[in-house]
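Protein chains: 2
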Amino acid sequence: MQYYLDGFRPGDPDIKASARDPNLDAANGNAIPACVDVLIAGCGPAGLCLAAQLAGFPEISTMIVEPKHGPMEKGQADGVSVRSMEMFQAFGFAEKIKREAYWVNQTTFWKPDPGKPQNIHRVGIAQDVADDQSEMPHTIVNQARIHQLFLDVMKNAPTRLEPHYGLRVRDLTIDVSTNDHPVTVVLEYVTEDGSAGDTTTVRANYVVGCDGARSTVRKAIGGKLHGDAAHQAWGVMDILANSDFPDLRRKCLIQSAKEGNILIIPREGGYLFRMYVELEKLNPDERVATRNLTSDHIIAAANRIMCPYAIDVKEVVWWSIYEIGHRLTDKFDDVRAGETDRRNPRVFTAGDACHTHSPKAGQGMNVSMGDTFNLGWKLAHVLTGRTDPSLLHSYSAERQLEAKRLVETDHKWARIMSAPPGESELDGSEMPRFQKQFIENLEFTGGLAVHYEPSAIVAKPIHQHTATGQIIGKRFHSAPVLRLADAKPMQLGHIVEADGRWRIYAFAGLDDSGHNDGAMHKLCKFLDADKESPVRRFTRRDEDPDALIDIRAIFQQDFTSLNYEDMPALLRPAKGRYGLRDFEKVFCVDHKSGDDIYGMRGIDRKCGCLVVVRPDQYVAHILPLDAFSDISEFFNGIFRAS
Amino acid sequence: MQYYLDGFRPGDPDIKASARDPNLDAANGNAIPACVDVLIAGCGPAGLCLAAQLAGFPEISTMIVEPKHGPMEKGQADGVSVRSMEMFQAFGFAEKIKREAYWVNQTTFWKPDPGKPQNIHRVGIAQDVADDQSEMPHTIVNQARIHQLFLDVMKNAPTRLEPHYGLRVRDLTIDVSTNDHPVTVVLEYVTEDGSAGDTTTVRANYVVGCDGARSTVRKAIGGKLHGDAAHQAWGVMDILANSDFPDLRRKCLIQSAKEGNILIIPREGGYLFRMYVELEKLNPDERVATRNLTSDHIIAAANRIMCPYAIDVKEVVWWSIYEIGHRLTDKFDDVRAGETDRRNPRVFTAGDACHTHSPKAGQGMNVSMGDTFNLGWKLAHVLTGRTDPSLLHSYSAERQLEAKRLVETDHKWARIMSAPPGESELDGSEMPRFQKQFIENLEFTGGLAVHYEPSAIVAKPIHQHTATGQIIGKRFHSAPVLRLADAKPMQLGHIVEADGRWRIYAFAGLDDSGHNDGAMHKLCKFLDADKESPVRRFTRRDEDPDALIDIRAIFQQDFTSLNYEDMPALLRPAKGRYGLRDFEKVFCVDHKSGDDIYGMRGIDRKCGCLVVVRPDQYVAHILPLDAFSDISEFFNGIFRAS
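Chains as they are written, first to last, in this note's numbering: chain A, 1 to 642; chain B, 1 to 642.
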């Protein structure tokens with residue numbers, strides 16, 4: 001964590017220096033602006049993840065509206081995939097979640113006992129996060145805490161961004177003839193009882209609808225959710241309860257012979273847990289609301305399914321009845337499929353506004369945040385003039401395909417979860433189907449299967465063999481290293497902040513120690529001084545040399561065999577108002593865990609390689625260290641010269 | 001981290017439910033109370049560490065006064081030993097410090113270059129925290145942040161404790177004829193410019209003087225600091241600077257041939273660092289103030305000493321000139337040496353109020369917090385009626401001896417640091433004396449050499465051989481384990497909170513899996529049900545079974561070989577208003593790092609053993625699992641039956 005670059009400031013380093021005009025603040029309070037760069041509808045995980053990222057840019061004005069009159073307190077989503085934890089690390093609050101949350105380490109599987117089929121018994125156990133799949137755990141914590149941590153990031157950011165509560169998007173129109181705040185948004189005040197009040201108008205350059213399955217933003221751009229419903233009612237409840245069931249603190253998948261299924265999710269704090277309980281089959285065209293089901297129905301069904309065990313519920317913290325639906329829009333922005341070369345998007349949807357699915361795979365919140373973490377840096381690039389607005393087409397292109405995969409996988413999973421146990425399972429001759437499928441799904445449910453296809457921002461995998469464990473189009477996979485200047489053991493991936501910057505990780509080849517005639521030195525010389533260098537071309541005169549593209553070097557030697565003072569100048573840059581040297585650009589291997597980052601991530605030890613990583617932590621390109629013209633070409637395809 | 005035991009509460013789990021009467025609060029604001037249980041003088045590390053611990057007890061009224069008009073912003077101490085980090089873990093903010101702070105991983109040593117003695121060159125490097133010495137790093141962060149994190153703990157505790165600023169202890173008197181608030185304290189209001197104002201009076205049961213080297217509390221009880229001064233002026237400064245010196249991000253000890261010595265301490269944030277710079281020899285009886293030294297003198301001396309390197313200072317954040325003194329009081333409380341069997345202490349001193357030394361070994365803040373972490377649980381025990389007040393004698397007995405060791409070690413270290421390099425060092429024939437001594441001191445400077453002598457609360461080491469890595473009288477040494485109920489990998493020591501509770505770690509012998517005829521089962525049966533059990537005798541009727549003595553079991557098997565449902569009832573206790581089961585009492589080994597806790601801590605695998613740990617994390621006793629009468633006897637010597 002770097003701070004004090006521009007001088008000492010007392011207090012919490014997570015509270016950044018304010019970039020707001022205090023006079024303006026005092027005069028306007030939380031007034032509605034006439035124009036904003038980005039208007040976000042909805043303070044759910046998608047909206048807050050986007051707002052938290054944009055709040056870091058003083059030059060971008062952002063407004064986020066929420067119909068409710070304050071932050072959420074409980075309920076809804078609770079699963080945080082390892083991939084989301086990696087993203088939280090970049091936002092600076094992964095450690096907080098690790099401390100507070102339940103960690104999903106092992107999942108157990110329960111089936112009818114063949115000798116006594118009305119009783120369930122434990123049939124299997126599976127490790128949830130494979131060794132070295134991520135340095136982060138899979139955690140469970142209530143969605144309200146995630147909201148609060150994003151709200152803290154926003155409030156502590158230079159823009160001191162806070163939501164406008166009690167306000168919702170009623171409608172919007174886009175004037176395609178102008179580039180000056182072309183989206184006119186009608187906002188409606190919402191009273192405490194939820195009814196509609198007066199309206200007001202805001203003009204925005206971009207609007208992002210994170211306003212849930214009934215999204216008015218989606219409707220305004222003509223988007224429709226397509227899909228089906230499984231005609232199956234489920235109940236979900238967060239409870240404090242006692243039970244003779246022994247696995248209350250492990251995630252459990254339970255299939256009974258005739259009473260349906262249960263998913264148990266232990267929760268933060270050591271006592272609370274969640275149960276998803278299969279209730280009744282619905283008739284075609286019937287909506288679950290007609291059944292008038294309550295938490296008592298959920299508790300009764302749970303006790304039937306868990307026989308011979310019983311649950312004695314002491315407090316129902318939150319409950320809900322829902323039916324499974326898997327639905328998706330065709331496009332996550334306002335530009336129709338055939339029009340992408342004629343105009344650029346102005347309005348986007350994210351999260352439940354464009355894809356809905358069963359909550360039981362723990363994907364909803366994670367995929368929603370993944371949507372806006374993908375969109376955030378692109379909007380920031382466009383609004384700060386770094387890239388052409390056509391970059392914004394890549395949001396729908398990348399995320400709609402991922403959502404499609406999600407809906408399909410989730411559909412399949414829901415069918416398997418609800419299917420009665422088969423013969424071959426009951427006699428124990430093979431691993432139960434739901435356990436097999438659960439294990440197969442783990443990379444997917446961990447959020448690690450996301451794989452973007454080649455485009456202007458994802459290169460073709462020509463040099464993939466030089467870093468076989470860093471897959472182009474997938475997320476950068478962290479590993480342990482030592483920082484040379486202070487010998488600090490750390491995760492290489494943890495240098496990333498959610499700040500819209502690109503990273504280049506240059507892995508040195510054998511015997512390269514940064515000396516004058518080596519490949520690392522030549523690469524740094526090119527990046528530092530050549531007129532074709534993207535660092536030179538696209539970094540602005542008044543910016544630090546790493547403001548847009550942050551270069552880090554990793555060497556194969558240990559820290560006693562390298563000299564910081566021998567490193568090329570680019571790896572010891574002068575920064576900030578005092579021109580202070582940044583000592584944190586050079587790393588070496590850490591052998592304490594046995595292997596090192598070269599072995600763990602399949603980096604070519606002989607020649608090394610260069611891994612280009614996008615601001616959202618996805619690998620964009622892998623290149624040889626001396627492929628100078630390829631480096632230039634790749635970034636020339638993205639950035640505008642400043 | 002356990003919470004929600006008594007029902008769900010939205011929001012940050014570190015903000016505990018308030019135990020204050022809101023009506024009273026509204027009426028009184030931050031008024032001065034007539035009587036308090038504990039009055040603490042001074043908001044430094046010693047005072048705040050004590051206040052943070054006492055704030056957790058709603059039944060104890062605490063007041064803390066500070067002459068300054070608000071929290072500290074910068075300067076003074078910055079070193080946090082691994083032992084203090086372990087204590088911060090119990091207070092819940094070690095992770096925050098780990099994230100923000102500089103980590104001392106390697107220290108380098110610089111001496112005159114024999115070929116060109118006016119120049120320094122690097123002669124050695126040493127690992128700062130030995131492998132497995134602690135699970136915590138040695139960190140550096142400004143004292144103001146530590147203060148703030150303690151203040152946060154206080155404010156979020158059930159008592160919502162906040163300091164009374166602008167108030168200092170002027171004098172106090174003790175009425176030995178009463179037990180009803182026998183200490184009358186005269187408090188003086190301090191104006192913004194530091195001058196004295198009106199006075200007011202508070203009566204207290206106990207007063208703790210954490211009011212620095214000029215302590216009025218110490219003076220009021222007739223305490224005097226004895227010791228000497230080294231007649232050597234030193235300068236210290238926190239700076240943002242550039243330099244061609246390559247080791248700015250490593251802790252460095254630098255000895256020049258003729259210009260004196262420097263200690264470089266890199267600081268939080270990646271840019272800031274501290275320098276301790278040797279300045280001028282003082283004449284006998286001369287005070288450093290007479291020399292009128294400034295930060296310019298420090299910078300000039302630094303540049304002379306570091307030749308051929310130069311330092312270009314951009315911002316001096318804080319600086320100070322001081323002379324080394326090593327001083328100590330005879331007693332840390334108000335009871336003279338010959339009077340200990342006649343009366344119990346009422347007034348204590350802690351931190352600089354009773355021992356001062358050179359700042360350069362990074363001990364001041366750490367030892368000061370160690371003082372009050374030792375005193376806090378003892379005061380809480382006495383004030384909640386759990387023990388006889390004679391327990392309080394052990395504070396001075398334990399801490400004065402430790403302070404004496406500190407002052408002696410620090411004295412020796414200061415002499416070595418200031419001695420000119422010897423012949424044998426200059427020719428490189430042996431390791432420089434200061435490097436040798438530095439390495440020898442590491443256990444001590446890490447805060448891990450503290451070793452309390454046998455007493456009522458530290459047993460004689462009769463069974464030490466059954467846990468050779470857990471030394472009776474030293475701090476409990478954590479190691480990795482897996483929690484059985486949820487297979488969570490964790491540090492066993494991290495279950496401890498700064499809550500005044502005792503812990504018993506019961507390590508099971510070979511083949512014991514908690515079953516009915518095993519030693520673990522018999523131990524739990526004794527502790528749970530026998531009338532001689534300390535858990536039964538000393539836990540109150542309205543308390544949870546682990547409210548005073550918290551029993552945890554560790555097994556040698558891995559988690560797939562143990563069944564939570566087979567565990568004795570004591571290890572699955574019902575707690576809180578709902579009688580919810582606590583699932584976090586049972587652990588098994590974690591082999592992921594190769595060895596396991598039995599091997600790492602020398603636990604007798606055949607028979608196991610029982611490790612009794614005090615609320616301040618020090619090992620009080622080691623016993624066989626079946627030594628029931630010894631267990632009873634030990635606790636009978638401490639607690640009063642309730």
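No lab work stands behind these hints, which were simulated from the structure alone. This structure is a prediction, so every number in the text was calculated from the model and none was measured. There's no promise every hint is true.
As the list makes no split between identical chains, a pair holds if one copy fits it or if it spans any two.
Listed below are the simulated BS3-like cross-link pairs for lysine-lysine, each with C-alpha atoms no more than 30 angstroms apart in a straight line [to be verified]: (1) Lys488 to Lys436; (2) Lys314 to Lys219; (3) Lys258 to Lys575; (4) Lys98 to Lys522; (5) Lys224 to Lys488; (6) Lys281 to Lys436; (7) Lys314 to Lys412; (8) Lys74 to Lys488; (9) Lys525 to Lys460; (10) Lys488 to Lys474; (11) Lys474 to Lys592; (12) Lys436 to Lys74; (13) Lys16 to Lys412; (14) Lys155 to Lys258.
Each hint, compared with the structure:
no.: 1; hint: Lys488 to Lys436; in the structure: between (41 angstroms within a copy, 23 angstroms between copies)
no.: 2; hint: Lys314 to Lys219; in the structure: neither (42 angstroms within a copy, 56 angstroms between copies)
no.: 3; hint: Lys258 to Lys575; in the structure: neither (67 angstroms within a copy, 35 angstroms between copies)
no.: 4; hint: Lys98 to Lys522; in the structure: neither (41 angstroms within a copy, 36 angstroms between copies)
no.: 5; hint: Lys224 to Lys488; in the structure: neither (51 angstroms within a copy, 43 angstroms between copies)
no.: 6; hint: Lys281 to Lys436; in the structure: within (25 angstroms within a copy, 77 angstroms between copies)
no.: 7; hint: Lys314 to Lys412; in the structure: neither (35 angstroms within a copy, 62 angstroms between copies)
no.: 8; hint: Lys74 to Lys488; in the structure: between (39 angstroms within a copy, 25 angstroms between copies)
no.: 9; hint: Lys525 to Lys460; in the structure: within (26 angstroms within a copy, 66 angstroms between copies)
no.: 10; hint: Lys488 to Lys474; in the structure: both (27 angstroms within a copy, 28 angstroms between copies)
no.: 11; hint: Lys474 to Lys592; in the structure: both (27 angstroms within a copy, 27 angstroms between copies)
no.: 12; hint: Lys436 to Lys74; in the structure: neither (33 angstroms within a copy, 57 angstroms between copies)
no.: 13; hint: Lys16 to Lys412; in the structure: neither (46 angstroms within a copy, 43 angstroms between copies)
no.: 14; hint: Lys155 to Lys258; in the structure: neither (51 angstroms within a copy, 53 angstroms between copies)
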